[in-house]
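Starting from the structure of chain A, add chain B where the hints point.
Respectively, the protein sequence lines represent chains A and B. Start counting the first sequence at 3; every next residue gets the next number (our numbering). Start counting the second sequence at 156; every next residue gets the next number (our numbering).
Be a bit skeptical, because a hint or two may be false.
Stated by the list, open to error - With a straight-line Cα cutoff of 30 Å, these simulated DSS-like cross-link-like pairs (lysine-lysine) come out:
1. B:K227 to A:K11
2. A:K11 to B:K236
3. A:K11 to B:K239
Note that these hints are calculated values from the structure, not bench results.
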Amino acid sequence: MSLFSGRRKDLMDEIESHLQMATADRVAAGATPENARRDAGSEFGNVPLVIDVTRERWGWMRMEQLAQDLRYAWRTLKRDRGFATIAVLILALGIGANIVVFSVVNTILLRPLPFKNPQQLVWLAAGHDGGGLSVVTYRADAYEAFRDHNHSFDEITGFSPFYAYSDFKLTDYGAPQPVAGVWVLGNFFQTLGVKPLLGRNFTEEESVKGGPSAVMLSYPYWQSHFNGDMSIVGRAITLDGSQVTVAGVLPPSFDFGSIFAPGTKKDVFRVLHIEDVLQVGHILSLIGRLKPGVTSTQAQAEASVLFPQLRDASKSNDWMYDADTVITGLKDHVNRQLRRPLLILWCAVGLVLLIVCVNLSNLLLARAMARSKEFAMRTALGANRMRLIRQLLTESLVLSLLGTLFGLAIAFAVLTYLAHQGSVSLPLLSTVRMDGNTLSWTLAIALFASLLFGVVPAIKMSGGNLQEVLKDSGHGTSAGRKQDRMRSILVITEIVLTCVLLVGAGLLMRSFLNVLNVDLGFQPSHTFTLRVSYNAPTDAQRGPVLEEMLRRVSEIPGVESASFSDALPLTHNRSWTLKAKGRSYPRDAHQDVFVSVVSPGFFNTMGMRLIDGRDFAWTDTPTSRPVIIINEATARRDWPGESPIGKLATGIGNSDTMVIGVVANIHESSIETAPNPEIYVPVTQSGDTSGSELVVRSGLPIEALGPSLMRTLRSMNPGQPTTSLVPLQNIVDRSISPRRFFAVLVGIFAAFGLLLASLGIYGVISYSVSRQTQEIGIRMALGATRERVQMGVISKTLRLALIGTAVGTGTSFAVAKAIRSMLFGTTPTDPMTFVGMIVLLIGVALLAGYLPARRASRIDPVKAIRSS
Amino acid sequence: MAKNGYHNRIELLQGTLDMLILKTLQWGEQHGYGISLAIRAASGDVLQVETGSLYPALHRLERAGWVSAEWKKSDSNQRAKFYKITTLGKKQLAADYGRWERMVATIEGIMSAEERAI
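The shape of chain A in the complex, shown without the other chains:
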């Protein structure tokens, strides 16, 4: 019942009393009651219309009409279930895709970081790009000096991004377990403004040398490993054999991995005593909180002056690039490489919505033909044009809102999936969710879409000349033709938009395939890695212990080879400085090399190619001559034009090292950038490892290999934590996951666009065939062959497709230029992609046109001519 029923009833009573009085007067004048009533009624006029115009005076009419329109729209759609289902489905997919992409964009680009006053937080990076972690991180003494002398920052804090150093072993809770930790400075959480959920922040005492060791637990880790036990706070746990007090538990909203190490989870945060690492080298990533009113530009200006002064005062040669500091907003640092891809993704999904709208416009126009008589009738009964347009837009709105409802459901499912799978290394992705922003955006696009696809059909439908519509039964009259043209234009628009999407997706897909085809320099298949721990207190023991471990692992049936490395490609990296002994270098030369500490057999296990010289041997010991193996890039940089074998290098370790081999380049830090200079140091000679990974090559399935491997390792070291085997391929996959993410999404959008475009073509061609049934019948009766009729329909399809692709190709050229920076190994004008996509588009168009063409060719002339 409507809000207005009381007043409406009152008005109807009033009119009824009017009619009764008029009837009574006529009866009194001698008329029969029936005649009297009839005359009174005809004198009064159109009762519903009087009610309508009277109620308009109340000012409530609009609201009530809306309610009425909604009811009517609902009934109409319910009657036409097939149409409604398809329309809602298309809308749900289109709007759902938009919600998903917006949520991702919102999470990564728009939403502030989950810290207190995040706009004050900045990221400090040292040195030049491309040098790896060691270059962009700071020495502890550089940090201390800058912290104490700057005037721009309220606080500066840091953590160590060399996570392999913070893979702890938890031993007093059941079987030994690995714990992914992070070394953070004592003021880390305080600077970010993160308040512990339980317990307290680190104290001053815990932050200085000799103070008690303390740790914070992440919320998920506290839940899964300590079952949410509140009493753990304040107690001590054993990490790597030392007692560490649990200071507190962090709130669920704090996810270190999603911001600073995308695609990983960090469980505990342990206080780093800065005095302990003063001599360790470049290990700190720095975050600063600006003083209120200070901009990052001002801070940059200060840092550019202050850092070199501090370096000169420190008289240290080890500061390297720490003095060349670049300050960026923390948020910009986190999303810096994603801004463009995400905006492109956003545009792509916007295109999808446009295609959806054009398609629906088309469907609604087709319906307009079927309903034109209904509307002519309503016009004849007194509805004005505005009212009809409003009614039609209300129908669009109902469709759009229904689509949005289902779209929200789809988006919710997809987002839940995205947030819970850890294999895509995009920052903040694990925190993706719908929020107020998303809902407002959704509502906005739903309204926008309903206007966009509703307005053309509404104007077309309501504007029909009454007589013409009632006369026009669809045989080539001007109104039918006009509509045909309108629909053709809409289909061409769809083809253009789809063409742009297809070319974009094609280019991204091709780039992705190119990345997959890059020669990594190692063979990730059938190779597994496992974090191991071993007991070797002295340098001399390390070699024999590892040799024994690898020997036992190699003896497991099915294992082809096993070796050790401190770091795997495409994970973390660190760099040292290497110079060829006796060669002079410019003062500011970048002589960084990435370093891996490996066992003999590592190259064999990884499937790398030794080009020259020999591999390490177990006989390279701490007492024998220090040796290294270099990659081609290092050979070319430091020993150009000569064989480096037997040459001496400085900078690695305490004494000169001799180059004993050269290996082919591998993609160490990124598949998409050129290989960097790299060196390998034998683990038998150097204990300066950044982690410990067992690498196993085996044809066995991972389920079979895991348990026997673990048994073997436990037989040597009962303290070996239970870690799972990771296929090397997973590490490769993770490093290309952002590209895969974008390529797959745009690919899905393009496929959806193609489907919609083919639906649109099918609809238009099939409608024009049914409109021309008689004409075709006559032509066939006059001798046109089936082939001829079929060709006629197909050539009409081809015309639409060709116009669409011609315009679309031109547009694509412009669009492809805009995504140049996302391409790999292909140009924006890649002819293969363009030709391939155009052929695909025209092929699909012809297929969509072929079905109606076949129907046209099977028209029975006799029936067709008789049918009207």
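Just chain B now, kept in the frame of chain A:
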């Protein structure tokens, strides 16, 4: 967009019809049917007020506070909604009437001037 007939007439007669209704109600409260009869009778059957204009006008006057309405029994024991002019309505009537007289005089002046010119 084309307005339908009822809308046109309301606009055409708006001010005048309001004035006629208020004038009729000055003799005492009356229902819609009574008002239409009274206007017709007073005009010597010349003016026939359309219900499509009358009722919207009545409801508008009520909304403006110039008339008040009440359900009552009529003399012939028929339940009907009776409208009564308010003090505000009386002032409005006076103002309307004044404006009307001025307009008639002005138009009359124009019309007769034309005659003389010929």
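Given the hint that K227 of chain B pairs with K11 of chain A, test it: the Cα-Cα distance must not exceed 30 Å. holds, 16 Å
Taken at face value, is the distance from the CA of K239 of chain B to the CA of K11 of chain A at most 30 Å? Answer holds: K11 of chain A to K239 of chain B is near 21 Å, not above 30 Å.
Does the structure keep K11 of chain A and K236 of chain B at a Cα separation of 30 Å or less? holds, 13 Å
Checked against the numbered hints above, the structure breaks none of them.
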